[in-house]
Each structure stands twice: as C-alpha cells, then as structure tokens.
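Colleague: Construct all of the structure, not just a fragment, from the sequences and the given hints.
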Amino acid sequence: MNTTLDLKSLEQAFQGRADLQGAIKSAASAPAYIELFNQISLHINSLISSSSPTNLTSKKRRLDEEVPSRPATNITNGYPQTNGSSGPASGSDPILLEVKDISVVIPQRKKYSLCFTSSHLYTRLPQSEEPVSGMRFAWKDIEYVFCLPVPEKSQKQLNYILFPTLSTIPSSKPLPGSPAVPDPLVFTIPESAPKPGTISGKEAATASAVSDDYKTLFDWAIQARLKSVGKNVKIVQADEKLFHSMQRQPHRPKEKAVHVKAFRGSKDGFLFFLPNGILWAFKKPLAFIPHSRISAISYTSVLQRTFNLNVEVDLSEADEERSEEIEFSMLDQEDFAEIDGYVKRHGLQDKSMAEQRKAKRENVNVVKDEDGNVVGNAEAGDLVAAAAQAEEDEDDEDEEDYDPGSEGESEGSGTSDEESEGEDEPEAEGGDEEDEDEL
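When we follow our numbering, the leftmost residue of the sequence shown carries the number 1, and every step to the right adds one.
Check before you lean on any hint, since a few could be wrong.
Derived DSBU-like pairs (lysine-lysine); straight-line CA-CA distance at most 35 Å [claimed, not checked]:
(1) LYS241 - LYS156
(2) LYS267 - LYS241
(3) LYS195 - LYS241
(4) LYS256 - LYS241
(5) LYS111 - LYS202
(6) LYS344 - LYS111
(7) LYS111 - LYS8
Since the hints were made in silico from the structure, they are not lab data.
Modeller: Written as structure tokens, this is what we have:
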C-alpha cells in the first residue's frame, strides 16, 4: 500500500481546483485516506485519458454556450451571495491578520487558524493554504456578533458567535424549496494573552498594540473589518444588570451566571437574555431571536420546580405572513422572577406591542441615533396608548358582564360567608393534593 500522497496524479485530476487539492492534502492524515485519495485521482485521470479530444472539445463548446445564460452566484457557508460580493474566499487573498490555534466549536469542532482578509473571515488548517470548505464568512453578510462567557467552565472562557444573514432563526418547518440555513461561526478564546508566534499577517504590528488579551484583539479585529465594509454591527455582550440567574455557579461561585439552563426538544443548552434578543446556545442549531421578531412570550407547564417558556416568533417576509412557536422547557423556577422581569421590561409578553417591534425591524417611521441605530418609533406612543386603552376597555367589559348572583355567592343566596368557606375548604385541599401528586 502506497503511504504517500501521489501529488502529480492529484494535480492532474483536480487541475484548476487548488481548493480541492488543498482540502485533500489536509485530510490525507492516515494511510487509509492517502490510499483512497490516490485511487480517486487515478480513476479521474483514467476517465480523462480515455475521453477522445473530439468529445472533450464538443463538451467544452457546449459548456461555454450554456454558462452565460445562468445567473452567477458565489457560495459561502452554504448559501448564495448575489449582491456586492467580491467572490469566494481564497488562499490567494492577502491575509491582514491570522490567529493560530483557535478552538472552533461550530460549524466543525477543531483547532484552526482564523484568517482575516478585507472581504472574508475564514478558517484553515495549519498545513493548508486554502480555506476550509463551509467555513468562509463574508464580512458584508454578518448580521449579528456576540461575545459571551462559556457556561460551566472552572476557568473563564469566552465564545464569539457570528451569525450570517438568514441564519438566526432556523425554522422547524422550512418552506419547500427554501435554501439551507447556514451555520454561524462559534469559536472559543481563553481569558489570557495570545502566545508568541500565534499572530501574523499584514496588520500584525497594529494588532500587537491591542493584544493584551484575546478579547481585546478579536474585538478590534472584528469591528475594524465590519466597519471597513460599511456594516454597523456591534459586538453584543451579556449584562448581569440586565439579566442574571439566581442560581449559584458551582464552577465560578463568585461570578453571576448570565444564562439559564433549558431544553429545546431533547437537546439541552443555555438561554441568554441579551439587550437585543434571546439567544439559544451552544448546541446545533443555534438560534437568536431579536426583540423585533418576538410576537409574544408566554409560560406553560408551570410546576413547583420548573416551567416552560414559549416564544411566538414572527417569520414574515415581504407580503408573506408566517409565525412559529419555539418552546424552551425545564427552566428552573428560581429564575422565573428574573425572566419575567426581562420579558415585561421589553414588553415581550404583550402581543399588542408586536406591531411596534415589527415597525422598527422594517424601519417604518423609525427614529435613529447618530450611528444609525434604531432607538424609537414615531408610532410607539400611539401603540402604547392603544394597548393601554384596549386593556382599559377589556376591564370595563368585564365589570359590565359581572353578575354578582351568577355563582350563588350573592347576598340574596342566603348562604353565609362562613358556610361558603366551609364548603370550599375540602375542594381546596383536594386541589393541593392533586398538585402534589402531579409534581
């Protein structure tokens, strides 16, 4: 068995595809894989050599005739780029900054080098010059960026999460023919300074000034690249003053947890209640639900120790109205008050406020600050007033419909308060017993 990769055969078989050649070289780490790739290369070369020049010329001519009629699109991380893209990431692009030995969690759990170019962020293996397939992200397509503490670690670590467009809310019921939802990029950094020799690239000298620790380095690098392509995307972090769990962290007891444990279906994970939305992490598929996409929040299966959180998500696009409910289960009752406070603070429990949030998302009569961020809505006051009026009208209707004798407890029923209380007591005790049995 040949234990060395036949580079000559490989280059002939995949002529013009440097990315595939690089990927095969990177993957050929075991003798079995090397032999497999050698056999594939030999088979492709045999097919090429057996084809007559006449057939090859004919196929080339037909291909040249058909290509112009097709819309050209570039594929990055599983979805097409059609507007303003500078093309797919390539190993020939000038690397502005490269940070080696970074632990990537999603899309693939492995240590990679992170490469920053003027148009893309991509990963590559140490022995390869080409980006890893499916792990190339165009800066212009990044919609949200987060930097959050990794739960349940004795040593503090941080996860960066970069969501491309159309990746924040993976639907459990995708529409027929809809494109696959791309994975976000999630990578982990320690709370320490980069090791010597791990940073390179054209901007390495500039980066050294902000390399006191990994966080300041990546904050600077990500923000600089996003700003260079005109993206006003801020790195969102958790704020314990906005939300923190009431449960003590056994791994880092002096630090307040900014997450709560939950389940989505059979998968366990963590919920982060952030300034601009709710994040579910760090199990695939990740989901970020911006406030502007939340129609309403409700609680179900409220028991003595746990409860479920139901989020009605507005998935409407253009003229198509569509919504979906996402359920997070087995949340601890100790965190109910904090979560309910967060929900009420942002008006997320009130469906009447959903139109206001939707108007902000669609930039209808919005008010922006100097940086272009949406800070309000011209119709917000009207919507708040309308919601308050609707509540008041509902209370008035309840008062008008109230019949003091309908339940047999009016003064004319001839039943004293003491008798009523005596009759109700056994039923209340029975209810408690049922609740205890259910728990």
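Colleague: Would you mind marking each hint as holding or not holding in the structure?
Modeller: Verification of the hints:
Straight-line distance between C-alpha atoms of LYS241 and LYS156 comes to about 19 Å, which keeps the hinted pair within the 35 Å bound. Proximity of LYS267 to LYS241 is assessed by CA-CA distance (about 28 Å); at most 35 Å being required, the pair is judged to hold. Distance hint between LYS195 and LYS241 is fulfilled; the C-alpha atoms sit about 33 Å from each other, no more than 35 Å. With a C-alpha separation of about 10 Å, the suggested pairing of LYS256 with LYS241 holds against the 35 Å cut-off.
Straight-line distance between C-alpha atoms of LYS111 and LYS202 comes to about 22 Å, which keeps the hinted pair within the 35 Å bound. Proposed proximity of LYS344 and LYS111 is contradicted: the alpha carbons are some 41 Å apart, above 35 Å. For the suggested pair LYS111 and LYS8, the alpha carbons sit about 29 Å apart, so the restraint of at most 35 Å is met.
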